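Put together the whole structure using the sequences plus the hints.
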Amino acid sequence: MDPVKQYQPTVDPDVTGYRRALSFRDLMMVSLSGVVGSGWLFGAYNAAKVSGAGSLIAWALGGIAILLSTLPNSELVGMFPRAGGAMRYPLYSHGSFVGFLVAWGSWIPGAAGAATEAAAVIQYASSYWPALYSGQRMSPLGMAVAAFLVILFAYVNILGIRWFARINTPLTVVKLIVPAGTIIILLATSFHPANFASVASGGLLPTGIKGIFVALATSGIIYSYLGSTGPIQLAAEAKNPRRQIPVAILAVVGVSMALYLLLQVAFIGAIPSHLLMAGWGNLNFNAPFVELLVSVNLVWVSYILYADAIISPSGTALTGTAVVARILYAMGLQGFAPKRLAQIDPKRGVPVVSIIVNEIVGIIFLLPFPSWQSLISVVVTCAVFTNLVVPATVSVLRRTVPNQARPFKVPLLNLTAPVASAVSCLIMYWVGWPVTGRVMLFFAIGIVFYFIAFRRQKWPWRHVRAGIWLVLAMVFIPLMSFLGTFGGRGIVPAPWDSMIVALSGVVFWLLGRYSGLSLPAAMNGRGIEGAEVYSVEAPELIDFDLNF
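Residues 1 to 548, numbered by the UniProt record's numbering, are exactly what the sequence shown covers, in order.
Derived from the structure by calculation, the hints contain no laboratory data. Mixed in with the good hints, there may be bad ones.
Taking lysine-lysine pairs in the DSS-like style, the calculated list, with each CA pair at most 27 Å apart, reads [as the list claims (entries may be wrong)]:
1. K239 - K458
2. K458 - K339
3. K347 - K239
Quick list of simulated restraints, FRET-style, between CB atoms [stated by the list, open to error]:
4. W496 - R20: 48 to 56 Å
5. L159 - R438: 31 to 39 Å
6. W461 - A278: 54 to 62 Å
7. P346 - I177: 36 to 44 Å
8. R438 - H192: 35 to 43 Å
9. N284 - P170: 31 to 39 Å
10. V174 - G490: 18 to 26 Å
In this text the structure is predicted, and so the values were computed from the model without any measurement. Backbone N, C-alpha and C fix where the C-beta goes; we use that ideal spot for every residue, glycine too.
Okay, here's the thing in C-alpha coordinates:
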(Lines of atoms letter the chains of each structure in order from A and count residues from 1; the text may use other names and numbers.)
(Lines give C-alpha, C1' and ligand atoms only; values in the text may rest on other atoms or scores of the structure.)
Protein backbone atom coordinates (compact mmCIF):
# COMPACT_ATOMS: atom_id res chain seq x y z
CA MET A 1 0.00 0.00 0.00
CA ASP A 2 1.20 3.53 -0.76
CA PRO A 3 2.60 4.79 2.59
CA VAL A 4 1.10 8.23 2.05
CA LYS A 5 -2.36 6.75 1.53
CA GLN A 6 -1.91 4.49 4.53
CA TYR A 7 -1.80 7.52 6.83
CA GLN A 8 -4.43 10.19 6.16
CA PRO A 9 -5.24 12.02 9.40
CA THR A 10 -7.55 15.00 9.38
CA VAL A 11 -5.71 16.75 12.23
CA ASP A 12 -2.00 17.49 12.44
CA PRO A 13 -1.37 16.24 16.00
CA ASP A 14 1.97 17.94 16.38
CA VAL A 15 1.09 21.60 16.21
CA THR A 16 -2.13 21.92 18.21
CA GLY A 17 -0.24 23.21 21.26
CA TYR A 18 1.79 25.79 19.31
CA ARG A 19 0.58 29.17 18.13
CA ARG A 20 1.08 30.03 14.47
CA ALA A 21 2.24 33.58 15.16
CA LEU A 22 5.37 33.99 12.98
CA SER A 23 4.97 35.93 9.73
CA PHE A 24 7.40 35.84 6.81
CA ARG A 25 9.08 38.96 8.20
CA ASP A 26 9.47 37.27 11.60
CA LEU A 27 11.01 34.19 9.97
CA MET A 28 13.44 36.34 8.01
CA MET A 29 14.43 38.12 11.21
CA VAL A 30 14.87 34.80 13.04
CA SER A 31 17.17 33.58 10.29
CA LEU A 32 19.11 36.85 10.05
CA SER A 33 19.42 37.03 13.82
CA GLY A 34 20.91 33.56 13.84
CA VAL A 35 23.48 34.56 11.22
CA VAL A 36 24.52 38.02 12.43
CA GLY A 37 25.73 37.36 15.95
CA SER A 38 29.15 36.80 17.43
CA GLY A 39 30.34 35.61 14.01
CA TRP A 40 30.59 39.14 12.65
CA LEU A 41 32.43 40.32 15.77
CA PHE A 42 35.12 37.61 15.60
CA GLY A 43 34.83 35.76 12.28
CA ALA A 44 36.61 38.28 10.04
CA TYR A 45 39.47 38.62 12.52
CA ASN A 46 39.97 34.88 13.09
CA ALA A 47 39.71 34.11 9.37
CA ALA A 48 42.25 36.82 8.51
CA LYS A 49 44.66 35.51 11.16
CA VAL A 50 44.52 32.04 9.63
CA SER A 51 44.53 32.82 5.90
CA GLY A 52 44.95 36.57 5.28
CA ALA A 53 43.19 37.66 2.11
CA GLY A 54 42.40 34.00 1.45
CA SER A 55 39.66 34.45 4.06
CA LEU A 56 37.52 36.00 1.31
CA ILE A 57 37.61 32.69 -0.55
CA ALA A 58 36.80 30.90 2.71
CA TRP A 59 33.67 33.02 3.29
CA ALA A 60 32.50 32.40 -0.28
CA LEU A 61 33.09 28.65 -0.01
CA GLY A 62 31.36 28.59 3.38
CA GLY A 63 28.28 30.26 1.92
CA ILE A 64 28.16 27.76 -0.94
CA ALA A 65 28.57 24.87 1.52
CA ILE A 66 25.65 26.06 3.66
CA LEU A 67 23.55 26.67 0.55
CA LEU A 68 24.11 23.05 -0.50
CA SER A 69 22.75 21.82 2.85
CA THR A 70 19.99 24.44 2.93
CA LEU A 71 18.46 23.33 -0.37
CA PRO A 72 17.49 19.82 0.80
CA ASN A 73 16.36 21.19 4.16
CA SER A 74 14.10 23.62 2.31
CA GLU A 75 12.45 20.74 0.46
CA LEU A 76 11.94 18.83 3.70
CA VAL A 77 10.43 21.71 5.65
CA GLY A 78 8.01 22.33 2.79
CA MET A 79 6.90 18.70 3.01
CA PHE A 80 6.74 18.43 6.81
CA PRO A 81 6.51 21.76 8.68
CA ARG A 82 7.20 20.50 12.20
CA ALA A 83 8.63 21.91 15.43
CA GLY A 84 12.19 20.57 15.65
CA GLY A 85 11.79 19.39 12.07
CA ALA A 86 15.46 18.97 11.18
CA MET A 87 15.67 16.28 13.85
CA ARG A 88 12.58 14.46 12.66
CA TYR A 89 13.20 14.17 8.92
CA PRO A 90 15.87 11.43 9.32
CA LEU A 91 13.34 9.57 11.48
CA TYR A 92 10.95 9.52 8.52
CA SER A 93 13.63 8.17 6.16
CA HIS A 94 15.80 5.85 8.29
CA GLY A 95 13.99 5.21 11.55
CA SER A 96 14.85 5.80 15.18
CA PHE A 97 18.64 5.18 15.20
CA VAL A 98 19.60 7.81 12.63
CA GLY A 99 16.86 10.07 13.98
CA PHE A 100 18.28 9.83 17.48
CA LEU A 101 21.88 10.51 16.40
CA VAL A 102 20.79 13.60 14.46
CA ALA A 103 18.72 14.76 17.43
CA TRP A 104 21.63 14.17 19.80
CA GLY A 105 24.04 15.99 17.50
CA SER A 106 21.64 18.91 17.08
CA TRP A 107 20.60 19.27 20.69
CA ILE A 108 23.88 19.39 22.63
CA PRO A 109 25.70 21.97 20.45
CA GLY A 110 22.41 23.84 20.14
CA ALA A 111 22.16 24.04 23.91
CA ALA A 112 25.75 25.29 23.92
CA GLY A 113 24.84 28.02 21.42
CA ALA A 114 23.52 30.44 24.04
CA ALA A 115 26.69 29.86 26.06
CA THR A 116 28.80 30.55 22.95
CA GLU A 117 27.09 33.88 22.35
CA ALA A 118 27.32 34.79 26.04
CA ALA A 119 31.06 34.05 25.87
CA ALA A 120 31.33 36.47 22.94
CA VAL A 121 29.61 39.21 24.95
CA ILE A 122 32.01 38.63 27.85
CA GLN A 123 35.10 38.67 25.61
CA TYR A 124 34.19 42.06 24.11
CA ALA A 125 33.11 43.43 27.49
CA SER A 126 36.50 42.47 28.95
CA SER A 127 38.00 45.38 27.00
CA TYR A 128 36.33 47.81 29.42
CA TRP A 129 35.74 45.38 32.32
CA PRO A 130 39.05 43.46 32.51
CA ALA A 131 37.95 41.40 35.53
CA LEU A 132 35.72 39.33 33.21
CA TYR A 133 38.73 37.66 31.57
CA SER A 134 41.86 35.99 32.86
CA GLY A 135 44.42 35.32 30.13
CA GLN A 136 42.64 33.62 27.23
CA ARG A 137 39.59 32.47 29.18
CA MET A 138 36.72 33.83 31.24
CA SER A 139 37.37 34.47 34.90
CA PRO A 140 34.94 33.14 37.54
CA LEU A 141 33.22 36.54 37.44
CA GLY A 142 33.01 36.33 33.64
CA MET A 143 31.43 32.88 33.86
CA ALA A 144 28.89 34.14 36.40
CA VAL A 145 27.88 37.02 34.13
CA ALA A 146 27.70 34.66 31.14
CA ALA A 147 25.47 32.30 33.14
CA PHE A 148 23.19 35.22 34.00
CA LEU A 149 22.89 36.06 30.30
CA VAL A 150 21.96 32.46 29.45
CA ILE A 151 19.20 32.61 32.08
CA LEU A 152 17.97 35.92 30.65
CA PHE A 153 17.76 34.47 27.12
CA ALA A 154 15.70 31.57 28.48
CA TYR A 155 13.36 33.89 30.38
CA VAL A 156 12.49 35.90 27.27
CA ASN A 157 11.66 32.67 25.43
CA ILE A 158 9.47 31.46 28.30
CA LEU A 159 7.36 34.61 27.94
CA GLY A 160 6.01 33.14 24.69
CA ILE A 161 6.52 33.19 20.92
CA ARG A 162 4.84 36.58 20.44
CA TRP A 163 7.16 38.21 22.97
CA PHE A 164 10.08 36.50 21.29
CA ALA A 165 9.07 37.90 17.88
CA ARG A 166 8.51 41.40 19.28
CA ILE A 167 11.94 41.51 20.90
CA ASN A 168 13.87 39.67 18.18
CA THR A 169 12.75 41.80 15.22
CA PRO A 170 14.02 45.21 16.48
CA LEU A 171 17.19 43.57 17.80
CA THR A 172 17.86 42.10 14.36
CA VAL A 173 17.36 45.47 12.65
CA VAL A 174 20.00 46.99 14.94
CA LYS A 175 22.27 43.99 14.36
CA LEU A 176 22.15 44.63 10.60
CA ILE A 177 22.57 48.40 10.76
CA VAL A 178 25.74 48.34 12.88
CA PRO A 179 27.87 45.96 10.74
CA ALA A 180 26.60 47.62 7.56
CA GLY A 181 27.56 51.03 8.96
CA THR A 182 30.95 49.68 10.05
CA ILE A 183 31.62 48.44 6.52
CA ILE A 184 30.77 51.81 4.98
CA ILE A 185 32.85 53.80 7.49
CA LEU A 186 35.95 51.60 7.20
CA LEU A 187 35.83 51.48 3.40
CA ALA A 188 35.39 55.26 3.23
CA THR A 189 38.04 56.28 5.75
CA SER A 190 40.67 53.57 6.22
CA PHE A 191 40.90 51.32 3.19
CA HIS A 192 44.39 50.17 2.10
CA PRO A 193 44.24 47.91 -1.01
CA ALA A 194 47.91 46.96 -0.56
CA ASN A 195 46.99 44.92 2.54
CA PHE A 196 45.44 42.19 0.38
CA ALA A 197 48.75 41.18 -1.16
CA SER A 198 51.25 42.65 1.30
CA VAL A 199 54.62 40.93 0.93
CA ALA A 200 55.40 41.58 4.59
CA SER A 201 52.30 39.67 5.67
CA GLY A 202 52.90 36.74 3.33
CA GLY A 203 51.15 37.80 0.12
CA LEU A 204 47.68 36.98 -1.12
CA LEU A 205 47.54 33.46 0.37
CA PRO A 206 49.99 33.51 3.30
CA THR A 207 49.10 29.98 4.45
CA GLY A 208 48.18 28.56 1.04
CA ILE A 209 45.08 26.60 0.12
CA LYS A 210 45.21 24.69 3.40
CA GLY A 211 44.82 27.95 5.32
CA ILE A 212 41.57 28.65 3.46
CA PHE A 213 40.15 25.27 4.48
CA VAL A 214 41.22 25.70 8.12
CA ALA A 215 39.69 29.18 8.24
CA LEU A 216 36.48 27.86 6.72
CA ALA A 217 36.06 25.20 9.40
CA THR A 218 37.52 26.74 12.56
CA SER A 219 37.45 30.55 12.48
CA GLY A 220 33.70 31.02 12.83
CA ILE A 221 32.71 31.05 9.14
CA ILE A 222 30.58 27.90 9.12
CA TYR A 223 29.43 28.70 12.65
CA SER A 224 28.07 32.06 11.47
CA TYR A 225 26.18 30.63 8.51
CA LEU A 226 24.63 27.80 10.55
CA GLY A 227 22.24 30.25 12.19
CA SER A 228 20.32 30.70 8.93
CA THR A 229 18.43 27.43 9.38
CA GLY A 230 16.66 28.43 12.61
CA PRO A 231 13.18 28.80 11.00
CA ILE A 232 13.19 25.07 10.18
CA GLN A 233 12.87 24.28 13.88
CA LEU A 234 10.10 26.88 14.33
CA ALA A 235 7.96 25.62 11.44
CA ALA A 236 5.04 24.71 13.72
CA GLU A 237 4.76 28.37 14.72
CA ALA A 238 4.92 29.88 11.23
CA LYS A 239 1.70 31.17 9.68
CA ASN A 240 2.47 29.62 6.30
CA PRO A 241 5.57 27.44 6.74
CA ARG A 242 5.46 25.57 3.42
CA ARG A 243 5.71 28.76 1.39
CA GLN A 244 7.55 31.11 3.72
CA ILE A 245 10.38 29.13 5.31
CA PRO A 246 12.26 27.94 2.18
CA VAL A 247 12.25 31.45 0.71
CA ALA A 248 13.28 33.05 4.01
CA ILE A 249 16.25 30.72 4.49
CA LEU A 250 17.55 30.90 0.92
CA ALA A 251 17.24 34.71 0.90
CA VAL A 252 19.11 35.03 4.18
CA VAL A 253 21.98 32.81 3.00
CA GLY A 254 22.46 35.16 0.04
CA VAL A 255 22.26 38.31 2.17
CA SER A 256 24.63 36.94 4.80
CA MET A 257 27.22 35.91 2.18
CA ALA A 258 27.27 39.47 0.85
CA LEU A 259 27.46 40.97 4.35
CA TYR A 260 30.32 38.76 5.55
CA LEU A 261 32.36 39.16 2.38
CA LEU A 262 32.09 42.95 2.68
CA LEU A 263 32.99 42.80 6.38
CA GLN A 264 36.09 40.77 5.54
CA VAL A 265 37.10 43.22 2.81
CA ALA A 266 36.63 46.15 5.20
CA PHE A 267 38.57 44.44 8.01
CA ILE A 268 41.55 43.45 5.86
CA GLY A 269 41.68 46.83 4.14
CA ALA A 270 41.56 48.81 7.39
CA ILE A 271 44.43 47.11 9.24
CA PRO A 272 47.28 49.63 9.73
CA SER A 273 50.23 48.40 7.67
CA HIS A 274 52.64 48.36 10.62
CA LEU A 275 50.50 45.72 12.35
CA LEU A 276 51.05 43.36 9.41
CA MET A 277 54.84 43.47 9.48
CA ALA A 278 54.95 40.29 11.58
CA GLY A 279 52.27 38.57 9.49
CA TRP A 280 48.54 37.97 9.86
CA GLY A 281 49.01 35.24 12.43
CA ASN A 282 50.50 37.70 14.92
CA LEU A 283 47.50 40.00 15.08
CA ASN A 284 46.29 40.12 18.68
CA PHE A 285 42.88 41.65 19.34
CA ASN A 286 40.47 40.82 22.17
CA ALA A 287 37.67 42.93 20.68
CA PRO A 288 38.74 42.93 17.01
CA PHE A 289 36.53 45.53 15.33
CA VAL A 290 36.53 47.85 18.36
CA GLU A 291 40.33 47.80 18.63
CA LEU A 292 40.65 48.22 14.87
CA LEU A 293 38.42 51.31 14.93
CA VAL A 294 40.44 52.79 17.79
CA SER A 295 43.70 52.13 15.91
CA VAL A 296 42.45 54.15 12.91
CA ASN A 297 41.18 57.01 15.14
CA LEU A 298 37.47 56.17 14.87
CA VAL A 299 36.94 56.06 18.61
CA TRP A 300 33.36 57.36 18.44
CA VAL A 301 32.33 54.43 16.24
CA SER A 302 33.94 52.00 18.67
CA TYR A 303 31.46 53.04 21.37
CA ILE A 304 28.59 51.98 19.11
CA LEU A 305 30.30 48.63 18.55
CA TYR A 306 30.69 48.08 22.27
CA ALA A 307 26.90 48.33 22.54
CA ASP A 308 26.38 46.08 19.52
CA ALA A 309 28.78 43.53 20.99
CA ILE A 310 26.05 42.97 23.56
CA ILE A 311 23.09 43.26 21.17
CA SER A 312 24.33 41.00 18.33
CA PRO A 313 25.30 37.91 20.34
CA SER A 314 22.27 38.37 22.59
CA GLY A 315 19.91 38.42 19.63
CA THR A 316 21.49 35.28 18.20
CA ALA A 317 21.34 33.55 21.59
CA LEU A 318 17.69 34.52 21.89
CA THR A 319 16.99 32.83 18.55
CA GLY A 320 19.15 29.82 19.39
CA THR A 321 17.36 29.30 22.70
CA ALA A 322 14.03 29.19 20.88
CA VAL A 323 15.33 26.83 18.20
CA VAL A 324 17.00 24.28 20.45
CA ALA A 325 13.97 24.13 22.75
CA ARG A 326 11.96 22.84 19.77
CA ILE A 327 14.63 20.20 19.12
CA LEU A 328 14.38 18.91 22.69
CA TYR A 329 10.59 19.09 22.44
CA ALA A 330 10.72 16.90 19.32
CA MET A 331 13.04 14.45 21.09
CA GLY A 332 10.48 14.08 23.87
CA LEU A 333 7.68 13.63 21.35
CA GLN A 334 9.50 10.81 19.54
CA GLY A 335 10.52 8.90 22.67
CA PHE A 336 14.19 9.96 22.49
CA ALA A 337 13.86 11.85 25.77
CA PRO A 338 11.34 12.04 28.66
CA LYS A 339 7.82 12.85 27.48
CA ARG A 340 7.64 15.79 29.88
CA LEU A 341 9.99 17.67 27.55
CA ALA A 342 7.29 17.53 24.86
CA GLN A 343 4.74 19.40 26.95
CA ILE A 344 3.59 22.79 25.67
CA ASP A 345 2.64 25.37 28.28
CA PRO A 346 -1.03 26.13 27.46
CA LYS A 347 -0.77 29.75 28.57
CA ARG A 348 2.43 30.69 26.73
CA GLY A 349 2.36 28.20 23.86
CA VAL A 350 6.04 27.23 24.29
CA PRO A 351 7.88 24.14 25.67
CA VAL A 352 8.87 25.66 29.03
CA VAL A 353 10.49 22.52 30.48
CA SER A 354 12.69 22.10 27.39
CA ILE A 355 13.80 25.73 27.61
CA ILE A 356 14.79 25.32 31.27
CA VAL A 357 16.71 22.08 30.64
CA ASN A 358 18.62 23.69 27.76
CA GLU A 359 19.45 26.67 29.96
CA ILE A 360 21.05 24.35 32.53
CA VAL A 361 23.03 22.43 29.88
CA GLY A 362 24.23 25.71 28.33
CA ILE A 363 25.58 26.93 31.67
CA ILE A 364 27.37 23.61 32.22
CA PHE A 365 29.05 24.03 28.82
CA LEU A 366 30.77 27.19 30.06
CA LEU A 367 32.97 25.15 32.40
CA PRO A 368 35.04 23.00 29.96
CA PHE A 369 34.86 25.58 27.12
CA PRO A 370 35.49 28.97 28.74
CA SER A 371 36.01 30.98 25.51
CA TRP A 372 34.28 31.66 22.21
CA GLN A 373 37.00 30.03 20.11
CA SER A 374 37.02 26.81 22.15
CA LEU A 375 33.25 26.41 21.75
CA ILE A 376 32.77 26.97 18.03
CA SER A 377 34.88 24.06 16.72
CA VAL A 378 32.81 21.60 18.76
CA VAL A 379 29.52 23.22 17.70
CA VAL A 380 30.51 23.24 14.02
CA THR A 381 31.63 19.59 13.96
CA CYS A 382 28.42 18.38 15.60
CA ALA A 383 26.21 20.49 13.35
CA VAL A 384 27.97 19.49 10.14
CA PHE A 385 27.85 15.81 11.10
CA THR A 386 24.07 16.05 11.40
CA ASN A 387 23.97 17.84 8.03
CA LEU A 388 25.67 14.80 6.50
CA VAL A 389 22.37 12.96 6.89
CA VAL A 390 20.19 15.52 5.07
CA PRO A 391 21.11 14.69 1.43
CA ALA A 392 20.45 10.99 2.04
CA THR A 393 17.16 11.79 3.77
CA VAL A 394 15.86 13.81 0.82
CA SER A 395 16.92 11.09 -1.61
CA VAL A 396 15.15 8.38 0.40
CA LEU A 397 11.92 10.36 0.79
CA ARG A 398 11.84 11.07 -2.96
CA ARG A 399 11.54 7.31 -3.33
CA THR A 400 9.31 6.40 -0.38
CA VAL A 401 6.80 9.28 -0.43
CA PRO A 402 6.83 10.43 -4.07
CA ASN A 403 3.30 11.86 -3.85
CA GLN A 404 3.90 14.05 -0.81
CA ALA A 405 3.40 17.73 -1.67
CA ARG A 406 6.71 19.52 -2.28
CA PRO A 407 6.27 23.30 -2.54
CA PHE A 408 10.05 23.50 -3.06
CA LYS A 409 11.98 20.78 -4.88
CA VAL A 410 15.78 20.54 -5.00
CA PRO A 411 16.96 20.68 -8.62
CA LEU A 412 19.44 18.06 -9.88
CA LEU A 413 19.23 16.12 -6.62
CA ASN A 414 21.46 13.26 -7.80
CA LEU A 415 24.21 15.82 -8.39
CA THR A 416 23.72 18.27 -5.51
CA ALA A 417 23.11 15.61 -2.82
CA PRO A 418 26.44 13.74 -3.16
CA VAL A 419 28.31 17.05 -3.45
CA ALA A 420 26.63 18.31 -0.26
CA SER A 421 27.56 15.08 1.51
CA ALA A 422 31.19 15.36 0.36
CA VAL A 423 31.37 18.99 1.53
CA SER A 424 30.04 18.04 4.98
CA CYS A 425 32.74 15.38 5.36
CA LEU A 426 35.43 17.81 4.25
CA ILE A 427 34.39 20.50 6.73
CA MET A 428 34.47 17.99 9.59
CA TYR A 429 37.89 16.82 8.45
CA TRP A 430 39.24 20.38 8.16
CA VAL A 431 38.25 21.15 11.75
CA GLY A 432 41.18 18.90 12.53
CA TRP A 433 42.42 16.41 15.08
CA PRO A 434 41.83 16.05 18.04
CA VAL A 435 38.48 17.91 17.89
CA THR A 436 36.96 15.39 15.48
CA GLY A 437 37.95 12.52 17.75
CA ARG A 438 36.43 14.16 20.81
CA VAL A 439 33.20 14.98 19.01
CA MET A 440 32.79 11.44 17.68
CA LEU A 441 33.37 10.15 21.21
CA PHE A 442 30.47 12.36 22.21
CA PHE A 443 28.33 10.70 19.51
CA ALA A 444 29.44 7.29 20.77
CA ILE A 445 28.05 8.25 24.19
CA GLY A 446 24.83 9.15 22.38
CA ILE A 447 24.65 5.61 20.97
CA VAL A 448 24.67 4.26 24.54
CA PHE A 449 21.69 6.47 25.39
CA TYR A 450 19.96 5.34 22.20
CA PHE A 451 20.13 1.68 23.19
CA ILE A 452 18.71 2.53 26.61
CA ALA A 453 15.73 4.09 24.82
CA PHE A 454 15.79 1.22 22.28
CA ARG A 455 14.97 -1.34 24.96
CA ARG A 456 12.29 0.82 26.52
CA GLN A 457 10.58 1.78 23.25
CA LYS A 458 11.01 -1.67 21.64
CA TRP A 459 12.17 -0.24 18.33
CA PRO A 460 13.00 -2.87 15.67
CA TRP A 461 16.55 -3.85 14.73
CA ARG A 462 15.94 -2.72 11.16
CA HIS A 463 16.27 0.84 12.48
CA VAL A 464 19.78 0.04 13.71
CA ARG A 465 20.73 -1.60 10.40
CA ALA A 466 19.48 1.49 8.54
CA GLY A 467 21.99 3.60 10.48
CA ILE A 468 25.15 1.51 10.12
CA TRP A 469 26.38 3.80 7.33
CA LEU A 470 26.33 6.74 9.76
CA VAL A 471 28.35 4.78 12.33
CA LEU A 472 30.91 4.06 9.59
CA ALA A 473 31.15 7.82 9.00
CA MET A 474 31.62 8.35 12.75
CA VAL A 475 34.63 6.01 12.65
CA PHE A 476 36.11 7.01 9.30
CA ILE A 477 36.20 10.82 9.68
CA PRO A 478 38.19 10.91 12.95
CA LEU A 479 40.45 8.10 11.67
CA MET A 480 41.30 10.15 8.58
CA SER A 481 41.69 13.19 10.80
CA PHE A 482 44.24 11.32 12.91
CA LEU A 483 46.12 10.07 9.84
CA GLY A 484 45.88 13.26 7.77
CA THR A 485 47.49 16.68 7.66
CA PHE A 486 44.94 18.79 9.57
CA GLY A 487 46.32 18.37 13.07
CA GLY A 488 46.99 14.66 12.50
CA ARG A 489 50.12 12.56 11.98
CA GLY A 490 50.49 13.38 8.28
CA ILE A 491 50.60 9.70 7.30
CA VAL A 492 48.14 10.42 4.48
CA PRO A 493 49.66 13.45 2.70
CA ALA A 494 47.89 16.42 1.13
CA PRO A 495 46.00 16.67 -1.16
CA TRP A 496 45.23 12.95 -1.07
CA ASP A 497 43.75 13.19 2.41
CA SER A 498 41.08 15.71 1.37
CA MET A 499 40.39 13.82 -1.85
CA ILE A 500 39.80 10.58 0.06
CA VAL A 501 37.49 12.34 2.52
CA ALA A 502 35.51 13.95 -0.31
CA LEU A 503 35.10 10.58 -2.02
CA SER A 504 33.97 9.06 1.27
CA GLY A 505 31.19 11.65 1.42
CA VAL A 506 29.81 10.40 -1.89
CA VAL A 507 30.05 6.80 -0.64
CA PHE A 508 28.21 7.67 2.59
CA TRP A 509 25.45 9.35 0.57
CA LEU A 510 25.05 6.22 -1.55
CA LEU A 511 24.99 3.99 1.53
CA GLY A 512 22.51 6.29 3.24
CA ARG A 513 20.32 6.47 0.16
CA TYR A 514 20.06 2.70 -0.18
CA SER A 515 19.75 2.11 3.58
CA GLY A 516 16.53 4.10 3.76
CA LEU A 517 13.31 2.50 4.98
CA SER A 518 9.77 2.72 3.70
CA LEU A 519 7.64 5.09 5.71
CA PRO A 520 5.70 2.36 7.61
CA ALA A 521 9.00 0.60 8.43
CA ALA A 522 10.67 3.83 9.59
CA MET A 523 7.68 4.76 11.73
CA ASN A 524 7.30 1.19 13.00
CA GLY A 525 3.61 1.30 12.14
CA ARG A 526 2.83 3.54 15.12
CA GLY A 527 -0.10 5.92 14.82
CA ILE A 528 1.11 9.28 16.09
CA GLU A 529 4.44 9.15 14.25
CA GLY A 530 2.75 7.89 11.11
CA ALA A 531 0.15 10.63 11.39
CA GLU A 532 2.86 13.20 11.12
CA VAL A 533 3.06 12.59 7.38
CA TYR A 534 -0.07 13.94 5.80
CA SER A 535 -1.22 14.61 2.27
CA VAL A 536 -2.35 18.02 1.09
CA GLU A 537 -2.61 19.53 -2.32
CA ALA A 538 0.13 22.06 -2.98
CA PRO A 539 1.74 23.59 -6.05
CA GLU A 540 4.97 22.13 -7.39
CA LEU A 541 6.63 25.55 -7.22
CA ILE A 542 6.59 28.10 -4.41
CA ASP A 543 3.78 30.65 -4.49
CA PHE A 544 5.42 33.96 -3.58
CA ASP A 545 2.34 35.28 -1.78
CA LEU A 546 4.26 35.24 1.50
CA ASN A 547 1.88 37.18 3.76
CA PHE A 548 4.26 39.54 5.51
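Hints, verified against the model:
Proposed proximity of K239 and K458 is contradicted: the alpha carbons are some 36 Å apart, above 27 Å. Our distance criterion of 27 Å between C-alpha atoms is met by K458 and K339, whose separation comes to about 16 Å. For the given pair, K347 sits about 19 Å from K239 by alpha-carbon distance, which is consistent with the 27 Å threshold. Checked against the hint of 48 to 56 Å, the pair W496 and R20 passes, with Cβ atoms roughly 51 Å apart.
L159 and R438 have their C-beta atoms about 36 Å apart, which keeps the hinted 31 to 39 Å range intact. For the pair W461 and A278, the supplied restraint of 54 to 62 Å holds, since their beta-carbon distance comes to about 59 Å. For P346 paired with I177, a C-beta distance near 38 Å keeps the hint of 36 to 44 Å intact. The beta-carbon spacing between R438 and H192, approximately 40 Å, falls within the hinted interval of 35 to 43 Å.
Between N284 and P170 the beta carbons are some 35 Å apart, a value that agrees with the proposed interval 31 to 39 Å. Range check, V174 to G490: Cβ separation about 46 Å, and the 18 to 26 Å hint is violated.
Checked against the numbered hints above, the structure violates hints 1, 10; every other hint is satisfied.
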